[in-house]
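Undergrad: Now for the letters of each chain:
There are 2 protein chains.
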Amino acid sequence: MGTIAARDQGARSMFHGLSAFPITPADEHGIVDVEGVAKLTGRLANAGVDSIGLLGSTGTYAYLTRTERSRAIRAAVKAVGGKIPLIVGAGALRTTDAQDLARDAEAEGADALLLAPVSYTPLTEEEVFQHFVAVAGATALPVCIYNNPSTTHFTFSPALLGRLADVPNIAAVKMPLPAAKTLSAELAELRSGPAGKLAIGYSGDWGCPGALLAGADAWYSVLAGFLPQVAIEIAQAARAGDAANVASLNDRLQPLWTLFRAHGGLRVSYAACGELGLIQAKPPRPILPLADEVRLRVRDALSVLTAAQL
Amino acid sequence: MGTIAARDQGARSMFHGLSAFPITPADEHGIVDVEGVAKLTGRLANAGVDSIGLLGSTGTYAYLTRTERSRAIRAAVKAVGGKIPLIVGAGALRTTDAQDLARDAEAEGADALLLAPVSYTPLTEEEVFQHFVAVAGATALPVCIYNNPSTTHFTFSPALLGRLADVPNIAAVKMPLPAAKTLSAELAELRSGPAGKLAIGYSGDWGCPGALLAGADAWYSVLAGFLPQVAIEIAQAARAGDAANVASLNDRLQPLWTLFRAHGGLRVSYAACGELGLIQAKPPRPILPLADEVRLRVRDALSVLTAAQL
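From first to last, the protein sequence lines stand for chains G and R. Under numbering that gives the first Met the number 0, the letters of the first sequence match residues 0 to 309, in that order. Under numbering that gives the first Met the number 0, the letters of the second sequence match residues 0 to 309, in that order.
Everything labelled a hint here was simulated from the structure, so no lab data went into it. Keep in mind that the hints are not guaranteed to be accurate.
Because identical chains share one entry, a pair is satisfied inside a single copy or across any pair of copies.
Unchecked claim - SDA-like cross-link-like pairs, simulated, lysine to any residue; straight-line CA separation at most 20 Å: (1) Lys82 x Ser12; (2) Lys281 x Ala133; (3) Lys281 x Glu124; (4) Lys281 x Gln129; (5) Lys82 x Pro177; (6) Lys77 x Ala213; (7) Lys82 x Ser302; (8) Lys82 x Asp49; (9) Lys281 x Pro121.
Here the structure is a predicted model, which is why all the values come from computation and not from measurement.
Using the sequences and the hints, build the whole thing.
TA: Right under this line is the structure:
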């Protein structure tokens, strides 16, 4: 029991702190630029984020083949060199495909999996439960449940999260920002129920410093994928409970949050990576690069931050 | 001009009447049972439906590889033997993949394409427009726009439908049942605007006899995929404007419509194909077969219909 509890604690700790979600640069045919992946992930590992979320939604996992996803993982594992955990998205519409992707990620050296209930036909709770049991059982890697209804079109109930918390290697959940209640109330509710065994983190960057202040375990951050130092500074203030400093740092981010909300963090990330000189890449079509006038607004939003930070 | 108008008319006529959407039987690894496809599609062609929608949502196109989709098309083209048009789903998340699927369908002998704006990252109107232009331009086949927000998570505005109606080989739209207005009002609105050039059909079987009564051009029918005679009878009554007969025939279908709405036409189709002795197949996981107690209700709902019809 002691050993299992310790192992569980170790698995959960992988899903604590600031997790950075970079884009996955690729050409128009979906062939991944592995040098670009190495550059982006190596930079994040050196910057001091707590983990990297490779092939998340911003990492366009849904648009890449199994082969290309493996190539991206291989490049990132080498570039990160074990400095921090590499959490890899293994989502796919088919259960069998997601199992294959999970095994690939383990074989390539990933430290953990992020698993989204990707849906086309709307799924029932039982279907998602059985899918997660099947995919989690395909490897020994700890799994973070990816709860992001805006892309997967499935919403986990607290009861389903509770059922999944009992699956041996399911260790964490990545939540969307709550629509109808405060972060503190949602965290208290989840932690007092059967889902309380899971490490609980949030995505939706504009609300995540607040989530850390409210005691969430993790911030799954698109911002940290291209401006890790900016995200680290605000995450540290939030985890220290310094609400005044969080508010002050967050003020400077408002122009970027406005762009995230209007155009999606993914499109903004591609533009930001170009503006920052990190990498020139386009999102997979049908997703289009931001129009020039929006890109100029991204430039302005970044200049406020980079004048102080870079 | 006359030739183009005549060709347009021909393309649009392909999207008139009752279009039957069968399941695509496949094994647990997604390998298509081509004999099963031939059996199901040959039966539909002989039954006298106006067209077949192969690899629609009910045909689990989203869950099948490019290779398996080609195998299914080849089997159906052979089985249908040109008796009626074969409309083939070419949807994919990536624009380049959808273009490849469209070319494959044309090469295998499909008569038309059904194109869904499959999304993961929520798409903008311009992204969907450019996607449709790119995929429609990949072949000479007429294209039906697949407007089904419950699976694609994208809703076409009348303005976007109007823009797409000007793309040369985009000839039709498959609409969801309107939520907030009557079918007559929606049809009048669409037909008086720039989308009026398109043939306008509906899916959502329970409301489609009413759509035909209201003057819609087509019923894209899951029911017709397994009970073509039942659907033909009610479609004929509706197209003849016999509202009383439609109401009477529709009454017998209420138990089935209740099941469609509660469990989805796809899951009911698999169960019905088994109950009717057409084919024993399971949907692709994560989608699960209906539980035994629901399957018994499918059996009961079918027995009302088949006692009179089969």
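Undergrad: Run every hint past the structure and note whether it holds.
TA: Quick rundown of the hints versus the structure:
{"no.": "1", "hint": "Lys82 x Ser12", "verdict": "within (15 Å within a copy, 62 Å between copies)"}
{"no.": "2", "hint": "Lys281 x Ala133", "verdict": "between (34 Å within a copy, 17 Å between copies)"}
{"no.": "3", "hint": "Lys281 x Glu124", "verdict": "between (35 Å within a copy, 18 Å between copies)"}
{"no.": "4", "hint": "Lys281 x Gln129", "verdict": "between (36 Å within a copy, 15 Å between copies)"}
{"no.": "5", "hint": "Lys82 x Pro177", "verdict": "neither (32 Å within a copy, 54 Å between copies)"}
{"no.": "6", "hint": "Lys77 x Ala213", "verdict": "neither (35 Å within a copy, 62 Å between copies)"}
{"no.": "7", "hint": "Lys82 x Ser302", "verdict": "neither (30 Å within a copy, 64 Å between copies)"}
{"no.": "8", "hint": "Lys82 x Asp49", "verdict": "within (9 Å within a copy, 62 Å between copies)"}
{"no.": "9", "hint": "Lys281 x Pro121", "verdict": "between (30 Å within a copy, 16 Å between copies)"}
In this structure, the earlier hints numbered 5, 6, 7 are contradicted, and the remaining ones agree with it.
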